[in-house]
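Please construct the entire structure, taking both the sequences and the accompanying hints into account.
2 protein chains.
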Amino acid sequence: MNPSTLPAASAGADASLAGYSIDMGAERPLRLDCGVDLGPFTIAYQTHGRLNPEKSNAILICHALSGDQFVYAPHPITNKPGWWHMLVGPGRVLDTDRFFLICANVLGGCMGTTGPKEINPATGRSWGLSFPAITIGDMVRAQAMLLDYLGIDQLFCVIGGSMGGMQVLQWAALYPERVFAAIPIASSSRHSAQNIAFYEVGRQAIMADPDWCGGDYLAQGKNPHRGLAVARMAAHITYLSEMALDRKFGRARQDRKQFTPGFDAEFQVESYLRHQGSTFVDRFDANSYLYISRAMDYFDLAAEHDGVLANAFKGTKTRFCIISFSSDWLFPTSANRAVVHALNAAAANVSFVEVESDKGHDAFLLDEPEFQATLMGFLNGAAEHRGLPRSTTP
Amino acid sequence: MNPSTLPAASAGADASLAGYSIDMGAERPLRLDCGVDLGPFTIAYQTHGRLNPEKSNAILICHALSGDQFVYAPHPITNKPGWWHMLVGPGRVLDTDRFFLICANVLGGCMGTTGPKEINPATGRSWGLSFPAITIGDMVRAQAMLLDYLGIDQLFCVIGGSMGGMQVLQWAALYPERVFAAIPIASSSRHSAQNIAFYEVGRQAIMADPDWCGGDYLAQGKNPHRGLAVARMAAHITYLSEMALDRKFGRARQDRKQFTPGFDAEFQVESYLRHQGSTFVDRFDANSYLYISRAMDYFDLAAEHDGVLANAFKGTKTRFCIISFSSDWLFPTSANRAVVHALNAAAANVSFVEVESDKGHDAFLLDEPEFQATLMGFLNGAAEHRGLPRSTTP
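Here the protein sequences line up with chains W and Z, keeping their order. Per this note's numbering, the first sequence runs over residues 73 to 466. Per this note's numbering, the second sequence runs over residues 73 to 466.
The set of hints was computed from the structure by calculation and includes no laboratory data. Mixed in with the good hints, there may be bad ones.
Claimed, not checked - Below are the SDA-like pairs computed for lysine to any residue, each with C-alpha atoms no more than 25 Å apart in a straight line:
#1 Z:Lys389 to Z:Ala417
#2 W:Lys320 to Z:Ala374
#3 Z:Lys320 to W:Arg409
#4 Z:Lys320 to Z:Pro153
Quick caveat: nothing in here was measured; it's all calculated off a predicted structure.
Structural data, given as structure tokens:
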């Protein structure tokens, strides 16, 4: 591991916010699941709050497919608040007065961590499709190297939703002694055939765009933004419940005449989806989308343990809190409950809450009081067991 | 109406199979919902069986978005059996020994009926995006003109699934006296926001393809086959239930090594979807896909009747049989039941069956014994009331 830490971004007025990027794996490369040794490589991450002297108050936040390390600080490209800003901050669920929060861009990502858009030091050119296949396990092992560098032996908690929840489960399986508490949210131990199918449509949309150039678009000065936008639109539908779409948009029309020959957005839901697609391409890399969605498809925690999911958690002392949302059809309650059953079979300490919500998979990114209350209750209980101070907010 | 009937295809050995195309609307054009007068225009259709002397045994079969008039006879492009071949034939549910079956390519289609790929007689060029916006109502009024031409005052039955079911409902609402019995299957009186969203992704995929050429691809000798394939893939997922996908494919892989850098189809479900996409483009026109999917989005039978769906069926004497499939999430049982409630409110004669099936929306195209038994029972009862001979098969 290369000890040189490169401060990547300052957090403005709040000195407890900090963005870094660190080069690792030069001396001891990361052996990827595909057999390739990766190194040196870079991990870009943000921290919030302060690590206590015992180094016992660290929470690792794992982001989803389209997320990044900007969980709290404004996003440097969009200037929008971090994707979990409503959960993070002084006195909030992820209390920056009590906890030291770490969120790293995943391996294969496009916000500073090594991924297909970064330069391959061996060739001096963008990796593109020469970037090796990566897995959720690879992402987690890279994060573990970051924790080694930070000198944190055990995380108080690993938390994340969707693909972030997959990383939480992988963390608990790979490094049980390093995870005091684990909160996988709206997640699954494996992608279903339908999940794979939806992501395959997105990949096909990207690869059908001539500007994808066989993955070599950066070198050719192009960008498959149309294909990536379609991929994002297709995925975005799966993040929302039918009820949420009906409540938000129904069949409401844009303020225009009824029949348009040019197939402009006529219904509000179309306009909304197009906006989701067009803003996404400003901040995301198409090849990263291919690699990371593929990592989700590969994920199958039971398959790594002789087909028995409970074996992934054998003897674990980690305290688990599994959370699902009633209207999530991408990672439905049944998929989350399957993890609970496996944890029960492994005699693990596990809580399970299905939050009633009509907001679909996206609920984990939204202001859902029952969700926040569940997190607060579990974290307070776990903090007490860990000997951390309780929240000062009532 | 132009009386010249052009035999378009012979049905080989079986003289009861016949394909025709007829030019209509030259003298009395079809006034479309968008206000445009369309005429002359062509309707391509197939018939099976023979019309009885009383002209009381005609069944109009309405096809779905990706369907066409080849309901029984082999498809001229794919050479595959007609899309409802398991229901049609001597002694089958749609018994060619008893009934005279008519299936016409919808307005806006691409199998011979006037649509965006056909030549606009006024310009001598393909319509492309100059083709006027069409609605389910327009499709049905064009079919009614065909029946006028055939001299059929009243249909014994109108039947169809998905968009075909929308046409059935529209038939019953527009021409109650011409419909003795109506069977809308796996359908709805309106597209939900989620339905619109899924079709919008498909349209965006088509329009994102540079070979779409702003809709003018035929004139420019191109074909947006990549975009159309992605549209078909996205739609196809919605036709299948999660359970059906899991049962058919699960996480089974193609016979190849685990990690592929080029993002080839690795899981069987990917290969299946790609096949669905690539075969579809051989037989379908991208602009037709835009226009017809848009017609589905526009469909809102209640909105045409002061927002009260029951008003669409006020005083109807038609006998209805509504059929849904338990695992259909595109046109779920709830959407079908809403039609039943409206028919009940209109004091209509209505049967409702939710067929238990794990095959999703596509179940209406598959060999589902309970579905077939439901159809057979309803048609036999209705035939008796209409004074038609009962089935000779036990």
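Verification of the supplied hints:
no.	hint	result
1	Z:Lys389 to Z:Ala417	holds, 14 Å
2	W:Lys320 to Z:Ala374	holds, 20 Å
3	Z:Lys320 to W:Arg409	holds, 23 Å
4	Z:Lys320 to Z:Pro153	holds, 22 Å
Of the numbered hints given earlier, the model fails none.
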